[in-house]
Amino acid sequence: MFDWNSYLNLANSLSNNSDEESKRSAISRAYYSSFHNARSYLDKKGINYKSQKNVHFAVWNTFSMLSGDARKISAKGDRLKYKRQQADYDNEISSVNNLTKDALLDAKFINDTISKLK
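Quick note on numbering: the working numbering labels position 7 of the sequence shown as 829, and the sequence is numbered without any gaps.
Rather than coming from a laboratory, the hints here were simulated on the basis of the structure.
What you are looking at is a predicted structure, and each value in this text was computed from that prediction instead of being measured.
Any given hint could turn out to be false.
As a list, the in silico BS3-like pairs of lysine-lysine whose alpha-carbon atoms are at most 30 Å apart [as the list claims (entries may be wrong)]:
no. : residue 1 : residue 2
1   : K930      : K866
2   : K898      : K867
3   : K894      : K875
4   : K875      : K903
5   : K867      : K903
6   : K898      : K875
7   : K923      : K938
8   : K894      : K867
9   : K938      : K894
10  : K872      : K903
11  : K872      : K938
12  : K903      : K930
13  : K894      : K930
14  : K894      : K866
15  : K894      : K872
16  : K923      : K903
17  : K938      : K898
18  : K875      : K930
19  : K894      : K923
20  : K866      : K903
21  : K867      : K930
22  : K930      : K898
23  : K938      : K903
Hey, can you work out the whole structure from these sequences and the hints?
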């Protein structure tokens, strides 16, 4: 089985490059690392989220209905998704360095929290 944490490792490596395309790619990889870890957690716990049409919304929304630290994942996931959308779709990003740094921190929080929940 693929280890989605390796995407976060790749994101950290890409973030060290100075070019904007590497920073944007780092944000995207960080997001997908956390998204797939979150989705895998829900699948392992048998928590249904698949009845909703937009799987990305569904995963983060499902975490908002859980308790404790799991609930914090929802807000961070939504915020990270927005950053990923900026990186993937916006022609201009005012501060790609800050966006990248914040995305990596959010992804690390999500992945670390999920590993503690298991």
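Status of each hint after checking the structure:
Between the alpha carbons of K930 and K866 the distance comes to roughly 20 Å, so the proposed pair stays at or under 30 Å and holds. For the hint pairing K898 with K867, the CA-to-CA distance comes to about 20 Å; that is within 30 Å, so the pair holds. Between K894 and K875 the CA atoms are separated by roughly 23 Å; this keeps the pair inside 30 Å, and the hint holds. Our distance criterion of 30 Å between C-alpha atoms is met by K875 and K903, whose separation comes to about 16 Å.
At roughly 23 Å between alpha-carbon atoms, K867 and K903 fall within 30 Å of each other, so this suggested pair holds. Straight-line distance between C-alpha atoms of K898 and K875 comes to about 21 Å, which keeps the hinted pair within the 30 Å bound. For the hint linking K923 to K938, the alpha-carbon distance of about 23 Å falls within 30 Å, and the restraint holds. With a C-alpha separation of about 18 Å, the suggested pair K894 and K867 falls inside the 30 Å cut-off, and the hint holds.
The hinted pair formed by K938 and K894 meets the criterion: a straight-line CA distance of about 13 Å does not exceed 30 Å. Only pairs whose Cα atoms come within 30 Å are accepted, and K872 paired with K903 is accepted, the gap being roughly 18 Å. Distance check on the hinted pair: K872 and K938 sit about 24 Å apart at the alpha-carbon level, within 30 Å; holds. With a CA separation close to 14 Å, the supplied pair K903 and K930 stays within the 30 Å bound.
Only pairs whose Cα atoms come within 30 Å are accepted, and K894 paired with K930 is accepted, the gap being roughly 13 Å. With a C-alpha separation of about 19 Å, the suggested pair K894 and K866 falls inside the 30 Å cut-off, and the hint holds. Between K894 and K872, the direct Cα distance comes to roughly 21 Å. Compliance with the 30 Å bound is thereby established for this hinted pair. Simply put, K923 and K903 have alpha-carbon atoms about 14 Å apart, close enough for the 30 Å limit, and the pair holds.
Using a Cα cut-off of 30 Å, the hinted pair K938 and K898 holds, with the two alpha carbons roughly 16 Å apart. This hinted pair checks out: K875 and K930 have alpha carbons roughly 27 Å apart, not beyond 30 Å. Under the criterion of a C-alpha separation no larger than 30 Å, the hint pairing K894 with K923 is consistent with the structure, at around 19 Å. For the hint pairing K866 with K903, the CA-to-CA distance comes to about 22 Å; that is within 30 Å, so the pair holds.
The straight-line distance between the Cα atoms of K867 and K930 is roughly 21 Å, inside the 30 Å bound, and the hint therefore holds. For the proposed pair K930 and K898, the alpha carbon gap of about 10 Å is at most 30 Å, so the pair holds. Restraint check for K938 and K903: satisfied, since their Cα atoms lie roughly 22 Å apart, inside the 30 Å limit.
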